[in-house]
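Asker: Single-letter residue listing:
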Amino acid sequence: MLAGTLRFVRGLSLAAALLAFFAGTGGASAQAIVFPPLTGRVVDEANLLDSAAKANLDAKLAALEAKTTDQLVVVTLRSLQGRTIEEYGYQLGRYWGIGQKDKSNGALLIVAPNEHKVRIEVGYGLEGTMTDAISSVIIQTVILPRFRANDYPGGIANGVDEIIKVLSGEGGGPQPEPPPAPKPRHNTFFGLLLLAAPFIFSGPGLILLVILLHFLFVLLSRLAVWMHLASPPREGAHSWGWGGSGSGSSWSSGSSWSSSDSGGFSGGGGSFGGGGSSGSW
Amino acid sequence: MLAFCKRFGVPFAAFVLALNLAGCGINTIPTEEERAKAAWSEVLNQYQRRSDLIPNLVETVKGYAAQEREIFIQVAEARAKVGEIKIDPSILTDPEAFKRFQELQAQLAGALSRLLAVSERYPDLKSSQNFLALQSQLEGTENRIAVARRDYIEAVRVYNTELKTFPGIIWANVLYRNNKPMETFTIDEPTTKPPVVIFDKK
Chain R
1 MLAGTLRFVR
11 GLSLAAALLA
21 FFAGTGGASA
31 QAIVFPPLTG
41 RVVDEANLLD
51 SAAKANLDAK
61 LAALEAKTTD
71 QLVVVTLRSL
81 QGRTIEEYGY
91 QLGRYWGIGQ
101 KDKSNGALLI
111 VAPNEHKVRI
121 EVGYGLEGTM
131 TDAISSVIIQ
141 TVILPRFRAN
151 DYPGGIANGV
161 DEIIKVLSGE
171 GGGPQPEPPP
181 APKPRHNTFF
191 GLLLLAAPFI
201 FSGPGLILLV
211 ILLHFLFVLL
221 SRLAVWMHLA
231 SPPREGAHSW
241 GWGGSGSGSS
251 WSSGSSWSSS
261 DSGGFSGGGG
271 SFGGGGSSGS
281 W
Chain F
1 MLAFCKRFGV
11 PFAAFVLALN
21 LAGCGINTIP
31 TEEERAKAAW
41 SEVLNQYQRR
51 SDLIPNLVET
61 VKGYAAQERE
71 IFIQVAEARA
81 KVGEIKIDPS
91 ILTDPEAFKR
101 FQELQAQLAG
111 ALSRLLAVSE
121 RYPDLKSSQN
131 FLALQSQLEG
141 TENRIAVARR
151 DYIEAVRVYN
161 TELKTFPGII
171 WANVLYRNNK
181 PMETFTIDEP
191 TTKPPVVIFD
201 KK
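Keeping their order, the protein sequence lines are chains R and F. Residue 205 in my numbering sits at position 205 of the first sequence, and the numbers go up by one each step. Residue 190 in my numbering sits at position 190 of the second sequence, and the numbers go up by one each step.
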């Protein structure tokens, strides 16, 4: 009887894991835009900055976050992939999850030199401080003149300085309420199953099997992400519904999805609603 | 306890499994509906924001181009019509009402676009700081409207799909008979961004 149950549980865990795999991929939204990975506070895909400039910017941006928890990221893009910079900007902000999750206090300075577009993308939480009018003034007065003279590093540095001034000088304006951020559909099925499992099958061998199921599921989810079939849950976001491990068993809940190639910096899970301003030259 | 598990382990597990699978569907429909409604609130929020910007914009333009009376009347009328629409949740499942809402908003957007085009003829207005600030705010609001609309369209798509596909369709027919698919945006909004005009210097 026990052997039969064991076989059943094995089959069940495999079936469950496969179901999660396909459910996960089914629920993920197909992103036609391929975003660059968030490798740090300065993502220089278009190679406009030398390493000294990058280090300088990085230091300023890190200091800003340390002081105000606002996350400002500079990104230069080789291509907007046929989108307008407004369309691209907020989706990039959401994809990277810039800004703290509870405050959505993120901003991006996006430069697309090949399309001659620049944008300051502002997260929900900063819209009161970093208004569209201010963004527009910064772009028109300190960024575009430098870009027109072909001085990208200068324009970017100026823009960053001005943005930091605004974000640190004015502490808090009216903070609009961020609407619920779109979450990946998580499957409560597995949370519940695994919660119930130790009670159904109390026997150390079977508990180990359930833990194995957990890891198998995690591995398959990561494989799905790696193969770009699913979008990774944002940093800090409640991913895949693993929260329910409260009662008695001490296995870890929640695989932590840090953007592992970021060298220490990752988005805090904030969201964007299209605030900010663009310019072109 | 172990004896219980040995006897009833398999059927019990199957029962828990069935419950969980069933549980999956029962909550999805209301959850998706609420998400779509929240997305709709955000759309209304941004439309309201645009509406609120208009008086200031009109006053600024009037300061430089008072004689353009007709366009001011058009904007005021379009804004009034939009303000008159009764927005209650039933608009989401009423195709006629939703379509009317879209049309009125698009008319307002058209009137605004003409208002901003007026500024092209008045260089003083065009370079006034006040006007530039308002113009950037308007552009920002239009962008936010576009984002909110996209979020809403996606949320409605998910909800409508859930109502129509397995296993949602089972729960829809059993428990949620009154849930109708929600309307989605079909009319594009004209934006006020002036088209880029390249002048040949002859």
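Worth flagging that the hints you see were computed from the coordinates, not collected in a lab. Just so we're clear, the structure is a prediction, and the values are computed from it rather than from any experiment. Treat the hints with care, since some could be wrong.
Pairs of lysine-lysine, BS3-like flavour, derived with a Cα cap of 30 angstroms [what the hints assert, rightly or not]:
no., chain 1, residue 1, chain 2, residue 2
1, R, K117, F, K126
2, R, K101, F, K37
3, F, K37, R, K103
4, F, K126, R, K165
5, F, K37, F, K99
Asker: All the hints need checking, so say for each whether the structure fits it.
Answerer: So, going through the hints one by one against the coordinates:
no. : hint             : result
1   : R:K117 to F:K126 : holds, 22 angstroms
2   : R:K101 to F:K37  : holds, 22 angstroms
3   : F:K37 to R:K103  : holds, 22 angstroms
4   : F:K126 to R:K165 : holds, 28 angstroms
5   : F:K37 to F:K99   : holds, 17 angstroms
Comparing the model with each numbered hint stated earlier shows that all of them hold.
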